[in-house]
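Between the sequences and the hints, there should be enough to build the whole structure, so can you do that?
Line by line, the protein sequences give chains A and B. Take the first sequence: its position 117, counted from the start at 1, is 116 in numbering that gives the first Met the number 0, and no numbers get skipped. Take the second sequence: its position 522, counted from the start at 1, is 521 in numbering that gives the first Met the number 0, and no numbers get skipped.
To be clear, the hints were calculated from the coordinates, so they are not data collected in a lab.
Calculated lysine-lysine pairs in the DSS-like style (CA-CA distance at most 25 Å, straight line):
#1 Lys546(B) with Lys19(A)
#2 Lys494(B) with Lys52(A)
#3 Lys487(B) with Lys546(B)
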Amino acid sequence: MNQGIDITLKVWRQKGPGDKGGFEAYHAGNISTDMSFLEMIDVVNEQLTRDGKDPIAFDHDCREGICGMCGAVVNGRPHGPEKGTTLCQLHMRHFSSGDTLVIEPWRARAFPVIKDLVVDRSGFDQIIIAGGYISVNTGGAPDANAIPVAQEVAERAMDAAACIGCGACVAACPNASAMLFVGAKISQLALLPHGRPEAARRALAMVRKMDALCFGNCSNERECEAECPKEISIANIARMNREFFKAGLFSATR
Amino acid sequence: MELDARIPSGALSEKWDKHRFALKLVNPANKRKYEVIVVGTGLAGGSAAASLAELGYYVKNFCIQDSPRRAHSIAAQGGINAAKNYQNDGDSIWRLFYDTIKGGDFRSREANVYRLAQVSNHIIDQCVAQGVPFAREYGGLLANRSFGGAQVSRTFYARGQTGQQLLLGAYGSLMRQVGTGRVTMFARREMLDLVVVSGQARGIVVRNLVSGEIERHAADAVVLCTGGYGNVFYLSTNAMASNVSATYRAYKKGAYFANPCYTQIHPTCIPVHGTYQSKLTLMSESLRNDGRVWVPRQPGDRRPANQIPESERDYYLERKYPSFGNLVPRDVASRNAKAQCDAGKGVGETGYAVYLDFADAIRRDGKEVIAQKYGNLFQMYEKITASNPYEQPMMIYPASHYVMGGLWVDYNLMSTLPGLFVLGEANFSDHGANRLGASALMQGLADGYFIIPYTIGGYLAAMDRPEVAPDHPAFKEAVHYVTERTEKLLSIDGKRTVDDFHRELGHILWEYCGMSRNDDGLLKAKEMIRQLRGEFWENAVVPGSDKDFNQSLERAGRVADFLEFAELLVTDAYTRRESCGGHFNEAFQTEENEALRDDENFCHVAAWEYKGDDKEPERHAEPLVFENVQLTQRSYK
Chain A
0 MNQGIDITLK VWRQKGPGDK GGFEAYHAGN ISTDMSFLEM IDVVNEQLTR
50 DGKDPIAFDH DCREGICGMC GAVVNGRPHG PEKGTTLCQL HMRHFSSGDT
100 LVIEPWRARA FPVIKDLVVD RSGFDQIIIA GGYISVNTGG APDANAIPVA
150 QEVAERAMDA AACIGCGACV AACPNASAML FVGAKISQLA LLPHGRPEAA
200 RRALAMVRKM DALCFGNCSN ERECEAECPK EISIANIARM NREFFKAGLF
250 SATR
Chain B
0 MELDARIPSG ALSEKWDKHR FALKLVNPAN KRKYEVIVVG TGLAGGSAAA
50 SLAELGYYVK NFCIQDSPRR AHSIAAQGGI NAAKNYQNDG DSIWRLFYDT
100 IKGGDFRSRE ANVYRLAQVS NHIIDQCVAQ GVPFAREYGG LLANRSFGGA
150 QVSRTFYARG QTGQQLLLGA YGSLMRQVGT GRVTMFARRE MLDLVVVSGQ
200 ARGIVVRNLV SGEIERHAAD AVVLCTGGYG NVFYLSTNAM ASNVSATYRA
250 YKKGAYFANP CYTQIHPTCI PVHGTYQSKL TLMSESLRND GRVWVPRQPG
300 DRRPANQIPE SERDYYLERK YPSFGNLVPR DVASRNAKAQ CDAGKGVGET
350 GYAVYLDFAD AIRRDGKEVI AQKYGNLFQM YEKITASNPY EQPMMIYPAS
400 HYVMGGLWVD YNLMSTLPGL FVLGEANFSD HGANRLGASA LMQGLADGYF
450 IIPYTIGGYL AAMDRPEVAP DHPAFKEAVH YVTERTEKLL SIDGKRTVDD
500 FHRELGHILW EYCGMSRNDD GLLKAKEMIR QLRGEFWENA VVPGSDKDFN
550 QSLERAGRVA DFLEFAELLV TDAYTRRESC GGHFNEAFQT EENEALRDDE
600 NFCHVAAWEY KGDDKEPERH AEPLVFENVQ LTQRSYK
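This is the structure we're talking about:
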C-alpha cells in the first residue's frame, strides 16, 4: 500500500512579477501514495533546500481544503484532476509511477504572479469590499429566530456560501471570469431575507467592480463549475445575472 | 508585580452590566482620533477590527495570509454554542456558564465565563443578521445539535463549515469597514515585534512577506488576535502558518504568559500515517453525536472491523461513562483512546487508532439523514484515507488541536502591558484547563464583537499617552532587533532543514508533554529542547534573502520562537503539581485514572514573566476565587 512512486515535475519558476519565468524539471522519487500533493512538494522543497537551491514558492495554509489559500494548475487543471478537491486534499494515490506533472500558477490578468506558484488574488477582496456583505453594525440585531428562513432556502444559500475564494474558477475560465465567485456571494445574500434590502445595490456594485478589475465575462463554458473544489453551481451565475438586470432596470438604487 | 484581574464586585450576573457603566466612554467625535492596531483577522481579530471601526476608531488590521478571509478560524467545523434554549431542553446562561467552568476543570475565572455565556446569545443574533446560513428546521427556525461536555442541544451550525461561515460573516463586516476607509488592511504581513513606550504598548514592527521590507506601525493600543501555539507539536490540526511568534514576542516585551501547559489534544482526528505528513485533520466532535467509539475487547485483535462481532467489541466510553457516553469532554475522550491503544487494543496499521462507528446511526436514521448532517466530513475522511465511512467505521486518534493557555489578560482582556489587549485563542481567559467543543468560536466572537469595543474605550479614555511616531527610538530598537535576528537566521548555513528541527521538537513534546506527562519525562524534554535549540542556531539551513518573498525564512523565524517557547510550556507543566483538564501528570490521578486536582495549592492561574534569555522565567499566581460554584471532582459517569 505504501509502495513509493516516482514522478517528474515540470514546475513554473518565476522570481517575481517582472521576471519572464519558465519551467524547470524536478524528480520526485519514492513518493508515498498516502501523501497529499502539497506534502509531495514539501519533500521536493526539502531536497532543494539541502542542495542549496531556492525551494518552490507556493501558497497553502489549512491543508484541509477550507482556507482557499492553496491552488495551482496541474496538467492543465486547477487543483488537479480530482473532482471537488483542493490541491491540499489531492492525494498522490491518484497518480502513477512515471507520470509527468506540469505545475503552473493561476493564470489571469487580474491575478499577477508574485513568485513561482504564488499569485495576487487581492482582486477578490476588492470585489467583496464593493458590496459582498450585509450592512449591519455590531449590536442591535433582532433575535436570531425573528425571521424564519425556509430550510431549502437556507440550504441553497449555504451551497453558494461554501465558496472558499481560491480563484480556481478564474484560472479555469478561458475568459478569466470571476463570475462564479461573484455569483456565489450575490446568491447567498440575495436568497436570505436578511440580505434583500441591499440586494440591488450589492449586485450592481459587485459586478461593476469585477469588470473594473479586468476579470473577463461569462460565455457559458462551464469550466468554472467543473473545476470548483466546492462544486459551486453556475446556477449562481444565472441568479447573479437576474439580480443584476433586475437592479439595473427596476431598482431605485440604479 | 501584583496580578490584578480587575474583576468587578457584586453579583455574578450583574458584574458585566455594572462594569460597562463604570468604564469611561470615548466621545464619538474623539474616537476617530484614536488609532488601534489589530493583529490577526480570525473570528476574534476580524470581529474586533470591524466592530471598533464601526464605533469610529481608525483601525490598522494585519494578517499573515493573502486575504483576511483565510485565518484559521475558517477551519472550525462543528459549531458555536449559545444559551438560547431554543430547544426548550433546560438550557440557560447559568447552565452554559456552569458547563464551561466544569468542562475547564475549575481552572477559569467565574466572572469571565459568566460574561461569555451572557453574550453568547447576541453572537447568534449578530451572525444571522450578517447572513450566516445556519442550519434550520423545516419550520424555518434555527437547528441545534449536541456537543461534548453538555447534556443540552445548544450548538448552532452550518453543516461542517461553521467556522468558515462565521468567519466570512465577520470578514464581510470587516471589508465593509475597509470600504469606508476606517480600516486599513495589511495582508501578507507578519508581526515580528511589539513596541513598548513608557510601559505602554504603542506599536508593532512587521515584515512585508512579499517585499521583505520591515515596516513600523504606531498606534494608541495594540490588540493581538494571533491564535494559538498548537503547532509547537509540529503535527496538529492547526494551519501551517499558525505560530506563537506574536504572543511570544509580546511575552519577551513584558506581557505575562499564562498556563502554557494547558494544551488540548482533540480525540477525533485522522491518525498519523507517515513521516512526511505535514498536518493532521480533525473530524468534528459533532460526529460523536451519532458515532460510537469502540475497540476490540481482546488486545491484538487484527480482524477487520466488520468481522468483529458485537460481543467482542468494547464501547469503552459508553461503558465507563453511562450518562455522557460518547459525548464526554475532549480531554477525557483523548486520554481514554490513548489508554486503549497503550493496552494493545488499538486498530489500524499502526495500532494507534480507535473506531468511530456510524453503522447504528445509519440503521436508525437512514443514510440520507446522516449524509445531511455529516456529508462533507465523511467526504473529507474518504479523500484522505480512501476508506468509505458509510461502510467501514472511521479510524481516529487524538491530535494537538487547541491551546487554552495564552497571554494573561484581566477582565478587560488587557495583558500585563497597558495598551496591549489579547483576544481569542491567543489569550488564556475562558476555558480553564480544557475547552468544550463549539466554545472557541463563541469566545473569539464574544471577545471581538462584544467585549473589546467597551473595554478598549475605557482604557483609551482613562490613560494619558505621549505622542509616539514611527521614528521613536523604541521603534528603531525593535527594527534593529528584528533585522539582526533575520540576518542571523540567514547566515547559519548549516545542513539540516528548519522543518526537520520542527519535526523533532514536535516529537519531544508529543512524547513527554502530550496527553500524559510525568516528572522524569518533563525534565528530559527540557534538556532535549535546549540541545535542539542550540543545534538549530548552528546547523539549520535557511536559503534565500530577506529582501523578497521567502517562505523558508518565515518558517525559520517561527520555529526559532517555538524552540524557545517549548521550554516555557514544559516548565509550566512541571511546576503545576496537579492534574487538571488537558494537563495530566501521571503522579496526580484518581483511582479511576481521572485527573486529580489540588485545589488547596493550585487553584490559581500561573502567569510567567520573562526575565532574560539566560534566566528562568518567574512564576506568578493569580488565585481563582469560586463564589458561585462548588469545586468538585469532575464526573461524567
